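Protein chains in written order, with numbering that gives the first Met the number 0: chain A, 0 to 694; chain B, 0 to 694.
Simulated from the structure, these hints should not be mistaken for laboratory data.
The structure presented is a predicted model; accordingly, all values stated were derived computationally and were not measured.
Be a bit skeptical, because a hint or two may be false.
Since the list can't tell identical chains apart, any single copy or any two copies may satisfy a pair.
Said to hold, decoys possible - When the alpha-carbon atoms are kept at most 20 Å apart in a straight line, the in silico PhoX-like pairs for lysine-lysine are as follows:
(1) 196 <-> 150
(2) 270 <-> 99
(3) 185 <-> 220
Residue-level listing of the chains:
There are 2 protein chains.
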Amino acid sequence: MAASEESLRQALAEKQSIVDAQADAVRALKARPGGAAQAEIDAAVEALKALKVEAGAAARRLQAALSNNSDGAAASSREAFRQAVVNTLERRLFYIPSFKIYRGVAGLYDYGPPGCAVKSNVLAFWRQHFVLEENMLEVDCPCVTPEVVLKASGHVEKFTDLMVKDEKTGTCYRADHLLKDFCKEKLEKDLTLSPDKAAELKHVIMVLDDLSAEELREKLKEYGITAPDTKNPLSDLYPFNLMFQTSIGPSGLSPGYMRPETAQGIFVNFKDLYYYNGNKLPFAAAQIGQAFRNEISPRQGLLRVREFTLAEIEHFVDPDDKSHPKFVDVANLEFLMFPRAEQLAGKSAKQMILGEAVSKGVVNNETLGYFIGRVFLFLTRLGIDKDRLRFRQHLPNEMAHYAADCWDAEIECSYGWIECVGIADRSAYDLRAHSEKSGVALVAHEKFPEPREVEKLVIVPSKKELGLAFKGSQKMVVEALEAMSEKEALEMKATLESKGEMDFHVCTLGKTVSIMKKMVSISMDKKKEHQRVFTPSVIEPSFGIGRIIYCLFEHSFYTRPSKAEDEQLNVFSFPPLVAPIKCTVFPLIKTQKFDDVAKIIAKSLAAAGISHIIDITGTSIGKRYARTDEIGVPFAVTVDSTTSVTIRERDSKQQIRVSIDEVASVVKEVTDGQSTWGDVMWRYPTHSTAHTEEE
Amino acid sequence: MAASEESLRQALAEKQSIVDAQADAVRALKARPGGAAQAEIDAAVEALKALKVEAGAAARRLQAALSNNSDGAAASSREAFRQAVVNTLERRLFYIPSFKIYRGVAGLYDYGPPGCAVKSNVLAFWRQHFVLEENMLEVDCPCVTPEVVLKASGHVEKFTDLMVKDEKTGTCYRADHLLKDFCKEKLEKDLTLSPDKAAELKHVIMVLDDLSAEELREKLKEYGITAPDTKNPLSDLYPFNLMFQTSIGPSGLSPGYMRPETAQGIFVNFKDLYYYNGNKLPFAAAQIGQAFRNEISPRQGLLRVREFTLAEIEHFVDPDDKSHPKFVDVANLEFLMFPRAEQLAGKSAKQMILGEAVSKGVVNNETLGYFIGRVFLFLTRLGIDKDRLRFRQHLPNEMAHYAADCWDAEIECSYGWIECVGIADRSAYDLRAHSEKSGVALVAHEKFPEPREVEKLVIVPSKKELGLAFKGSQKMVVEALEAMSEKEALEMKATLESKGEMDFHVCTLGKTVSIMKKMVSISMDKKKEHQRVFTPSVIEPSFGIGRIIYCLFEHSFYTRPSKAEDEQLNVFSFPPLVAPIKCTVFPLIKTQKFDDVAKIIAKSLAAAGISHIIDITGTSIGKRYARTDEIGVPFAVTVDSTTSVTIRERDSKQQIRVSIDEVASVVKEVTDGQSTWGDVMWRYPTHSTAHTEEE
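Isolated chain A (complex conformation):
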């Protein structure tokens, strides 16, 4: 253990003991015969809250030290932490490698019961936070997509990774993986490496994502990289399309793909959705659904998979007005941002106030800024640690040429900083692409309050004169003249007026002809226009739900010693909002009357819509608490009498006594977020002889 880590651990232990002492003091105050003055209790409670915040910060610093430290010890501690999380997740069936009894398929995972419940809670909250609160138009489109759609979007041509094959066995590898592995291995194991060479290899790893196919090919050749398992020579590298291909209908003539994103389903429906919204901008459409990516060799466990759930928003807005009426609601938020300038200067992410980031132009526009703020609120309410969440702006070379600005919500976990949400201003690219390919205009209209006078270029070729001069070629010359841009036409007008004739290149003829003044009339006419027709810009927040959930698992996981101190107990500190089960019910001992009470309580919980389980195994209360902590159940109800029961909170382990007919409403109150545990604590007596972990 590094010295600094040891000191952090000591600091944390001290804070925790102060918190415990204060908690005891509060309890004593409450229990004092005759009762303490309310003001006294309130003050003590406030002090306890502040102490808890400090203890939380100390715990986070320790966590950060464990994760951020860049030496080998920290790396292996990150590995050990991940192993502990993943072991718990797999043992408690949060995840299951899919088709496990058939030895599985790389990159495919099932959500088992608690994982599935967490996912469905996350999606329900996403619907509440985005679709409902923002009045978005939610749609649900099929995964099977005909080729024409994905040709228009560019996926058929460009959704590829570069691959090489073992020339003898045919095994496939991702070219960049091989290069990265080679560099890492050299750096770790080759003790003869010169400082220059080491720097070069480190540089390669850093710029890996930006290498062109040509550069990647060069590097593989230069380093003499061979197939890792067989040392056989490798094929040349070639693009592999990452979409799962299939065929629609029985003829075999209609190729289709499993969609690589949900966004296209929204774009192709723009016209109908715009109409549905009363032909008004801005509006947002949203979609939750499966997306597919036939990875060459999936790595990073649950973070890079072949099938995943996306939740995407396409917010359509007038490109001339990207203000947002509700921006004020998020303008005061302050969090970690990592603008382009800081990245290029080698600095680190910094705390910024969102309103300032927008007003200073760091974030391109208010609407983009509004979504960054809403995403921040979404993630932190789920339980993502705000100190391990940052918004990183794309560098110019990361962005598509058409994008106006792009920020990724990155969450730090044991794999490093992981992109979990992308928030991009994609300008008019997608709608234009589908307009062109389908021939259906995907545009918006702005009616002017009164008609506006605009100048419009009018080019009128004289067919008679052109016919006489060019005979059979006349048509091509006419078309070329009509196709001139405003600038070209005005130049021609000036030249014809001053010189009477002008050389003019006609592409379709492949030659230059001479145009005389009488052959064409060019003028700027005044015209009244009643509306502006334009292609809306789209701002796209796109959420990788599986990645968010995995990071949430890491951020929520901690261990604590059992009272017997013979083992570490695992806890997921999920907020009630996402906890897979809100409440467990335990009869203290195995007797019919307690079982009956447990059933009555279970029924009232079900009626209140609270997910719960009954654990009537005869094992000790301590073991049952441990079992329920390990899947992150926030509240446990112990049935120890036939009139009232004990409710225990997971993280503080505090217990209160509540009468049987109030249990469901109390649990609902604290799981719905109407009240905090702190709020209800003072309304009910604490348990005089609390059930402990040893029982």
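Based on these hints, arrange chain B on the given structure of chain A.
Same frame as chain A, now just chain B:
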């Protein structure tokens, strides 16, 4: 209009006028100066409720008359009704043909905003009604499935439809569709048809689903059926696998399919789920997700599609004990059942009490019966008309050979009776199939309270003797002897004891050998067993969510004249549970102060989690009511003052006045199902000058 239909219409109109009169009486009672006695009001309200039930029944009888009547007029009225529903659904974007701007793909549909909201409400209720209330283990598995899994399940071999091709153009047709279309056309258009021939064609249509490939081939040949568009000859018929095929990973060597059902994901996880459930039976696992079926030529609009959402339950149970502890909760339900005997006798479905159906053995077991009851409750609470819902038992030839019993929940719509939920007792088939293919035992254990003595067959071949007799073939003979069933072995034992030798056929040798007494010892040994190991039976309720939703649309749709009587207004009478939007907010006239109130109300609705829209278009209140009725919004809030507002119920058009700060809680109460509209009606004043459809 048929005479009986006319009389039903009159009866309905009469009932409705009595309801209206009684409603007025109730209103008068309430408004009486000094107030009526509460008892008097209560009695009047009860009378009104009873009348409404009668009016509802009359309306349903009319509906049934419209749908059931088998003559041409009724058929065309069904068509017209369907057209009206589908027009409304498409115009209001409940559904959109997918990829419409690219001229669509047959059998693929999007859910637009209101459809998507209905779907998400139906799924949320499914989770509440089944997963939560029954403590099921929900899982979420990928759609991409490796071939080995679907080989084990039988889908690779058997999930096929019979297809024929136009020999010249290559166009594909479903063989049974061609035969059906041929018969229908003949029956409709060929006036020279003899009664015998007509009977024959009708019979063919009836038994279409039961025809073997051979019979189908014969019929196509006998009737000289050709390609419908070109009249070209048809190819021989051959099976076409309905799964969308793809390839997993880059090698092209791992075939995979898009899952045709979600069930397999549960079966392959049985071992883990059983462990998760504390190694106890019974338990149920559930899954909601997309499934795929590459139909040859999709028909019936939204009922037969290529991608759809399934919700499936696999309830694992001891085959020796299929009782269900909660069966009493559903035993008194009475609804339309259509047992095998009634079908075979040519009778119609009949009202049965579920408890009797199980006790008389009509339904195979309590667990199957319990799920039938729960499905009935689920569908009727969604808003499916219970008079157009029946449970039809599979005929012996419809069931897989391994199935113990199977009932379909069929819902009547304009396409006829449609299978929407299948509830099958599949015995141990699926788990056994995956056990065999994977080599992993998918079994359950029942520990005996104390060890039991059982007799077990023991076969001990004498390798020495067999080696001497058969030399190189010894191994095959040993294996064949060890593989004998108990019956074969006991016969051999008897023969050897009486005759000293016996002829014995060894398959692997392809010949019969002579076995002498000394070559094998056969005995029944007594052994103590501590547990029973068995493969659980599975009872599978499987819900086609899209079909249920489509039938719900038809059952909820009605038209009513506008007050001006110049047009019919469309209404979807969704219960609040499934309504896409629970509440609309209209400022009565366009003024800033009403707009502000509307925004305050909208905010409180959002905070209460109630989906809503604001309609601030300047159109008349009547038009806005019509617009909101047409997407089935149950409540409309009209802002007509800055202190209190009007809430209007969709179907009764009744209005009450509620203060602004109570709006959200009142709407929540009636949409959550805590209260009915009738309940809140009496707590608030009705609107003195109600907003009418003409405003």
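Hints versus structure:
Taking identical chains as interchangeable, the C-alpha atoms of residue 196 and residue 150 are never at most 20 Å apart, the minima being 43 Å within one chain and 53 Å between chains. Proximity of residue 270 and residue 99 under a CA criterion of 20 Å is satisfied inter-copy only: 10 Å between copies versus 44 Å inside one chain copy. For the identical chains of this complex, residue 185 and residue 220 are intra-copy neighbours only, at 16 Å inside a copy versus 72 Å across copies, given an alpha-carbon limit of 20 Å.
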